[in-house]
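Participant: So the protein sequences, as listed, match chains A and B.
Residue numbering for the first sequence follows this note's numbering, beginning at 4 and increasing consecutively.
Residue numbering for the second sequence follows this note's numbering, beginning at 187 and increasing consecutively.
It should be emphasised that the hints constitute simulated quantities derived from the structure, not laboratory data.
A few of these clues could be false.
[As the list claims (entries may be wrong)] So these bits of chain B aren't anywhere near chain A, every CB distance computed over 12 Å:
1) 253
2) 259
3) 312
4) 391
[Stated by the list, open to error] Derived SDA-like pairs: lysine to any residue, alpha-carbon spacing no greater than 25 Å straight-line:
5) A:107 to B:268
6) A:107 to B:212
7) A:283 to B:197
8) B:212 to B:274
9) A:107 to B:320
10) A:113 to B:238
11) B:255 to A:206
12) B:255 to A:113
13) A:107 to B:254
14) B:255 to A:283
15) A:113 to B:251
[As the list claims (entries may be wrong)] The following residues of chain A were derived to be distant from chain B, with all beta-carbon distances above 12 Å:
16) 43
17) 45
18) 186
19) 208
Here the structure is a predicted model, which is why all the values come from computation and not from measurement.
The beta carbon of each residue, even a glycine, is placed where N, CA and C say it ideally should be.
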Amino acid sequence: MYDEEVIYDSRRLVPPEEHTRPTTERPWVRRTLIGIAVVFMGLVLVLPLLLVFVEAFRKGAETYFAAFSDRNSQSAITLTLLVAAIAVPLNLVFGVAAAWCVAKYEFWGKSFLITLIDLPFSVSPVVSGMVYVLLFGAQSALGPILKANHIEIIFAVPGIVLATIFVTFPFIARELIPLMEDQGSVDEEAALSLGATGWQTFTRVTLPNIKWGLLYGVLLCNARAMGEFGAVSVVSGHIRGKTTTMPLDIEILYNEYNFTAAFAIASLLAMLALVTLVFKTILEFRFGDELAGTRRH
Amino acid sequence: MDIRVDTVRKEFSLYPALNDVSLEVKSSELIALLGPSGSGKTTLLRLIAGLELPTAGRIFFGDEDASGKTVQERNVGFVFQAYALFRNMTVLDNISFGLKVRPRSTRPPNAEIRRRAMELLDLVQLTGLEKRFPQQLSGGQRQRVALARALAIEPRVLLLDEPFGALDAQVRKELRKWLREIHDRTGHTTVFVTHDQEEALELADRLVVMSQGKIEQVGTPDEVYDRPNSPFVFSFIGESSSIPVAVENRELWSGGRAIGLPAPADAPGEATLFFRPHDVELVEDGVGAALAGVVAASRRVGGTRRVELEVGGNPNRVEIDLPFDHPAGERTRIAFRPKRWRVFPGKV
Ligand SMILES: Nc1ncnc2c1ncn2[C@@H]1O[C@H](COP(=O)(O)OP(=O)(O)OP(=O)(O)O)[C@@H](O)[C@H]1O
Ligand SMILES: [Mg+2]
Chain A
4 MYDEEVIYDS RRLVPPEEHT RPTTERPWVR RTLIGIAVVF MGLVLVLPLL LVFVEAFRKG
64 AETYFAAFSD RNSQSAITLT LLVAAIAVPL NLVFGVAAAW CVAKYEFWGK SFLITLIDLP
124 FSVSPVVSGM VYVLLFGAQS ALGPILKANH IEIIFAVPGI VLATIFVTFP FIARELIPLM
184 EDQGSVDEEA ALSLGATGWQ TFTRVTLPNI KWGLLYGVLL CNARAMGEFG AVSVVSGHIR
244 GKTTTMPLDI EILYNEYNFT AAFAIASLLA MLALVTLVFK TILEFRFGDE LAGTRRH
Chain B
187 MDIRVDTVRK EFSLYPALND VSLEVKSSEL IALLGPSGSG KTTLLRLIAG LELPTAGRIF
247 FGDEDASGKT VQERNVGFVF QAYALFRNMT VLDNISFGLK VRPRSTRPPN AEIRRRAMEL
307 LDLVQLTGLE KRFPQQLSGG QRQRVALARA LAIEPRVLLL DEPFGALDAQ VRKELRKWLR
367 EIHDRTGHTT VFVTHDQEEA LELADRLVVM SQGKIEQVGT PDEVYDRPNS PFVFSFIGES
427 SSIPVAVENR ELWSGGRAIG LPAPADAPGE ATLFFRPHDV ELVEDGVGAA LAGVVAASRR
487 VGGTRRVELE VGGNPNRVEI DLPFDHPAGE RTRIAFRPKR WRVFPGKV
C-alpha cells in the first residue's frame with residue numbers, strides 16, 4: 004500500500020563494498036604450504052599404495068598370479084566376498100531405517116540414538132570383536148546353549164559377519180541422516196496427499212531423492228567391510244581356509260615371510276580402495292549437492 | 187463438498203497451536219485464512235488435510251466424519267508453500283503421480299492418465315513444458331505444476347498453503363487472477379492460507395482472520411474491512427489509526443473536549459477509537475467539536491499525502507490521508523472528524 008520504500012531506495016546507491024580476500028598470505032607462502040601438503044600426501048598415502056604393487060610384482064607376474072591359485076587364499080577371497088555380500092545389504096536396510104527414523108520423526112531419546120549409531124566409529128574394532136566373544140563365546144552364558152544346538156558363532160563365519168556388520172553400521176546411516184534431514188518430509192507429505200501408500204512414497208519419492216547418497220554410503224561400507232581387520236581377527240580364530248578373510252590371510256602370509264603372496268592379496272584390497280576412490284570422486288563431482296554428508300567423513 | 191471444523195484443538199508439546207476452532211466452509215467457496223505469523227493457519231489447513239491429527243474436536247467433509255481418516259482417504263488436493271514437486275520426475279510425471287499410484291482397480295489406463303495430465307497442463311497454461319524437470323522451471327511455473335498435480339486426483343477440496351508466498355509481486359498478481367479463474371471454472375471448495383491481506387481481500391469469497399490459535403472474525407472481505415469486530419482485526423486488516431478516548435454523556439471525549447462523535451450505548455469509561463486514515467473529513471479548527479492535532483510529519487505517497495498528527499498528549503501519533511494537493515497539507519494544525527469509526531471499550 005505504501006511505496007515509500009521506493010523513495011528511499013534511490014538514496015541507497017552506495018558504491019559496492021571493496022572486495023577483500025579472506026586470506027592474505029603472499030604467493031610464496033601459499034606455494035610452500037601447498038608443496039608441503041603434496042609431498043606429505045605423496046610420502047604417506049601414495050607411495051605406500053604404490054609399494055604394495057611394486058612388492059607384489061617383485062618376482063614377476065607369474066608368481067603374482069600364482070598367489071591366487073593357492074587354495075587358502077582363494078577361500079579367503081570367497082569368504083571376504085560372502086561377508087560383504089551379507090553385511091552390506093543388511094546395513095543398507097538398517098542404515099536406511101535408522102536414518103529414516105532420525106530424520107523424519109521426533110521422538111524421545113533421538114540424540115541418544117544418533118550417538119549410538121556413531122558408537123562403532125568411536126570404539127576400537129578389537130573391542131567390538133571382544134564384545135562378541137563375550138556374548139557368544141564358549142565361556143559366555145549363551146555359550147552352552149549354542150553348543151547344545153550346534154550353533155557356531157565365534158571362530159566361525161556367523162561371528163565374522165556379525166563383527167563386520169557392527170563395525171560398518173554407521174557408514175550408510177551417517178551418510179543419509181544429514182541428507183534426509185535436509186530434505187525434510189514435505190515431498191513425502193505431498194505424495195501421501197496424492198494418495199500414495201507408505202511403500203509407494205518410499206520407493207518413488209524418498210529413494211530417488213537419496214539414491215546418490217545411498218550409493219556413496221554403500222561404497223564406503225563395502226570398502227570397510229572387505230578391509231576390516233581388528234574385529235574380525237578377534238572372532239575369526241584364524242583357521243586357514245575356513246575363517247580367514249583377505250586381511251587375515253595377508254597377515255598370515257606376511258608372518259610366514261611369504262611377502263610376494265601377501266602383497267599380491269593386498270594389491271586386491273588396494274585396487275578395491277582405488278575403485279572406491281574413483282567412484283567416490285565421480286559421485287562427488289556429479290552429484291555433490293545430493294551428498295549432504297560429503298564433507299563429514 | 188462443504189467442510190465443517192468442529193471445536194478443534196491442536197497441541198504441540200502441551201502448547202496449543204489451535205484453541206477450540208470452529209469453522210464452516212461452504213461448497214464451492216473460496217475462503218482465505220489470514221493472520222500473523224504463528225497464528226495457526228498452516229496448522230488448521232494441515233488438520234483439514236489430515237497431515238496432522240487434532241488433539242480434540244472433529245472435522246466433517248459433508249456429513250461424513252473425516253477426523254479418523256488418513257490423508258490418502260480424505261482425497262484432498264494440497265499445494266505446499268515450497269511447491270514440494272518431485273525433483274526426479276518430469277512435469278508430466280509429477281502431474282500424473284496421483285493417478286499412477288492408485289490401486290489397479292481404480293487406476294485409469296496409461297493413455298487416459300496421460301490425456302488427463304496434458305489437459306491439466308493446458309488448464310494451468312504450461313503446454314509444451316511437460317518434459318521439463320522442476321529445476322528447469324520458474325517459481326511461478328512450479329506453482330502451477332503443483333496446482334495441476336493437486337487437481338489431477340479430482341480432490342474433494344483444494345487446500346493451498348501460501349500459494350504465492352515465494353513469488354515476486356508482479357507474478358503474484360497474475361497468479362491471483364488466474365487462481366480465481368480456475369476456481370470459478372472447476373468449482374472446488376478451496377481454502378488458502380495467506381498473510382498478504384490484499385491477496386485475501388481481492389481473491390476470497392470469505393475471510394477467516396486468525397490470531398494466536400483462535401478465529402477472530404469470519405466474513406466477506408467487505409464485512410471484515412468495514413465492520414471489524416475487534417481492535418485486532420481493525421488494525422490487522424487495512425490501514426488504521428487509533429486514539430484513546432473517554433465515553434461520557436453518550437459522547438466521545440479526547441483531551442477534555444467532546445469530539446463530535448456519538449458514543450455507542452456502552453457504559454461510560456475508557457475506550458479506544460479506531461478509524462481508517464482515508465475515512466476522515468477536515469473541519470475548521472475551533473469551529474464545532476472535532477479532533478485536532480499538531481502536524482508532526484507529512485509525506486506524499488503517490489496521489490495522497492499522509493499526515494501524522496500529535497493529538498493532545500498522546501504518545502502515539504494519529505495518521506490521516508489528504509489529497510496530495512489539499513491546502514491543509516501546508517498547515518501546522520489540522521482538525522478533523524472520522525467519517526466512519528468504531529469504538530472498542532478499554533485501552534488497547
Ligand atoms: N510441528 C510442530 N511442532 C511444534 N510446534 C509447532 C509445529 N507446527 C506448528 N507449531 C507451532 O504452532 C503455532 C502455529 O503454527 P502455524 O505453522 O500454524 O502458524 P502459521 O499461522 O501458519 O504461521 P506462518 O504465517 O508463519 O506460516 C506456532 O506457534 C508454531 O510454533
Ligand atoms: Mg504457515
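Participant: Confirm or reject each hint.
Facilitator: Results of checking the hints against the structure:
1. 253: holds, 17 Å
2. 259: Given a closest Cβ separation of 9 Å, the condition is violated.
3. 312: holds, 18 Å
4. 391: Consistent with the label, residue 391 (chain B) stays out of reach of chain A, its closest Cβ about 23 Å off (over 12 Å).
5. A:107 to B:268: holds, 18 Å
6. A:107 to B:212: Violated - the C-alpha atoms of residue 212 (chain B) and residue 107 (chain A) are around 35 Å apart, more than 25 Å.
7. A:283 to B:197: The hint is violated at about 45 Å.
8. B:212 to B:274: violated, 37 Å
9. A:107 to B:320: Roughly 23 Å between the alpha carbons, so the hint for residue 107 (chain A) and residue 320 (chain B) holds.
10. A:113 to B:238: holds, 21 Å
11. B:255 to A:206: holds, 23 Å
12. B:255 to A:113: violated, 28 Å
13. A:107 to B:254: holds, 22 Å
14. B:255 to A:283: Distance ~45 Å between residue 255 (chain B) and residue 283 (chain A) Cα, so the pair is violated.
15. A:113 to B:251: Violated. Residue 113 (chain A) to residue 251 (chain B) sits at ~35 Å, over the 25 Å cutoff.
16. 43: The assertion about residue 43 (chain A) holds, with a minimum of 40 Å to chain B.
17. 45: Fine: 40 Å to the nearest Cβ keeps residue 45 (chain A) off the interface.
18. 186: violated, 9 Å
19. 208: Nearest chain B Cβ is 6 Å from residue 208 (chain A), so the label is violated.
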